[in-house]
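If you want the building blocks of each chain, they are given just below.
Protein chains: 2
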Amino acid sequence: MSILVVGSVAIDSVETPFGVGENVLGGSATYFSTSASFFTDVNLVGIVGDDFPQEHIDFLKSRNIDLRGLVRESGKTFQWKGKYGFDLNEAQTLDTQLNVFQTFRPRIPAEYADTEYLILANIDPELQLEVLAQVRNPRVIACDTMNFWISSKPEVLKKVISKVDFFIINEGEARQLSGEVNLVKAARAILGMGAKNLIIKRGEYGVLLFTKDSIFAAPAYPLEKVFDPTGAGDTFAGGFMGYLANTGNVSEDGIRQAIIFGSVMASFNVEDFSLDRLRTLQYSEIDERYRSFKAMTHFEALQPN
Amino acid sequence: MSILVVGSVAIDSVETPFGVGENVLGGSATYFSTSASFFTDVNLVGIVGDDFPQEHIDFLKSRNIDLRGLVRESGKTFQWKGKYGFDLNEAQTLDTQLNVFQTFRPRIPAEYADTEYLILANIDPELQLEVLAQVRNPRVIACDTMNFWISSKPEVLKKVISKVDFFIINEGEARQLSGEVNLVKAARAILGMGAKNLIIKRGEYGVLLFTKDSIFAAPAYPLEKVFDPTGAGDTFAGGFMGYLANTGNVSEDGIRQAIIFGSVMASFNVEDFSLDRLRTLQYSEIDERYRSFKAMTHFEALQPN
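Chains A and B, in that order, give the protein sequences. The working numbering applies: residue 1 is where the first sequence begins, and numbers increase by one. The working numbering applies: residue 1001 is where the second sequence begins, and numbers increase by one.
Derived from the structure by calculation, the hints contain no laboratory data. If a hint is listed, it holds; no wrong ones were tucked in.
Straight-line C-alpha distance at most 30 Å; calculated DSBU-like pairs for lysine-lysine:
#	chain 1	residue 1	chain 2	residue 2
1	A	185	B	1081
2	A	196	B	1225
3	A	294	B	1212
4	A	294	B	1185
5	B	1225	A	158
6	B	1185	A	81
7	B	1294	B	1212
8	A	185	B	1225
Under 7 Å between C-beta atoms, here's a sample of chain A residues computed to sit facing chain B:
#	residue
9	86
10	184
11	217
12	219
13	257
14	290
15	294
16	299
17	300
18	301
Just some of the chain A residues that point at chain B, by a computed CB distance under 10 Å:
#	residue
19	183
20	185
21	204
22	210
23	218
24	253
25	291
26	295
27	297
28	298
All figures in this text were calculated on a predicted structure; none of them were measured in a lab. Glycine included, each C-beta is placed from N, C-alpha and C at the ideal position.
Using the sequences and the hints given, assemble the complete structure.
Right, here's the structure in full:
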């Protein structure tokens, strides 16, 4: 089953202690789509300026990503400049130029309106609502956001949250949104806002899935070389939703497997700048790392009393 | 099989955002012994002053902890005063009064010299070496330390590390000791110092076990109420070594189970001040939480290709 993703396509400049990536391909929808494309067909809705390099279009097409929803407008593409210290868990934003993204109003092409899998990547929650109004009855909706929307449009955001199956945010955002320091309390509060499930991303510490009545804890893959964490969260979400759409199995077992596939994709993505690692990634490597995750987390159950 | 633990017995005063514990029972050997006592017999070697309350002696005895190695000297017991902010992962030390602990020289009673399981809790690495010289041939040696010894006596500490089966430290200490920011590189460097296995504690994010050729990642139990993280690391180590000594199974499977039991014990301990939660803890609760850990981390393996 194909996925529809709505989000940003950007040109990033990133500095980490290990090097610099100048004017590289970025954006939440880009990372998400590329990651998901290893599992299923992806339809991308977004906007770029007339400066957007053809090589990036060619790359996305080479991943079989349908770009009929990618609008090109005169002006410059969204640009983000950021920096990471040795603590790679948090980026410092040096500059954001929204450019054509400033006036972006997502138009969902008619042929996408029946999508079964929808990801609302990090954009203005008003626009996320507009997207929801343009699709008929998706089977699975996932949604991301950021601190900026939590503080500026909490009520609109809560409307979005009440409509989604998977709300995917990081630890700090979960605390900010709920006003709770304790993560279990924060999760309970956010589920109380109507999200069916909540996935909390914790960077190098992995992710937690909170459902109505269970918790699943997945570690991150301990890597010796982390070059650039940019897009790790979107790559995670792409692998997660891609796997769900591929299998159609949205039981708790299926969801947990999808979380591991998401973690696998994120673990590859941070091994190089931008999404360069995904350019050479083979499916056999994904499979192998899934098995490593299994080996890394397995322990024996107690015998029943 | 019984365990020998050498470490501190203290009187703590602790402040957290959730309350205050004044002059409560503390110390690494105390937490360790109490936790291990749920799984096996424990022999404690340490020192207290003549002010040490009889009720604490009575409590330790009620846990079947053998106190023939607990020296009582005239003077005051080791006192520690600390404070936690909402980030419960790190304590701020307000005051340390070593008192009788200052001149502590561990004497291992002859009847303990054949111990098979030995834990060197956080004390001066010179003293840890003295303990090692007084025991014959332990099957399993575990060792903890702290930032203070890493910076003041790194060479002596490395001698200790080269002799232990499980070196158990926290994330920051692993980075400090190895000089590596990346945790996988840090672990490799520390294994290179001769520790057979390394356990890295990450507070609310769980623990990582590094062996020569594998990694095991265990989450912490997500708790809604964390009152006082003091002693969580020692309680973890107590459950870990206690379970190993109980089963005698030091295969990787056994070690992984022991790590989960350690995590279970730590998760209970932080639910109340000092080690008060362990005063009422029942073995059936430990068993039940182990099963929760299993449920919380389980996901399906891929079918073989």
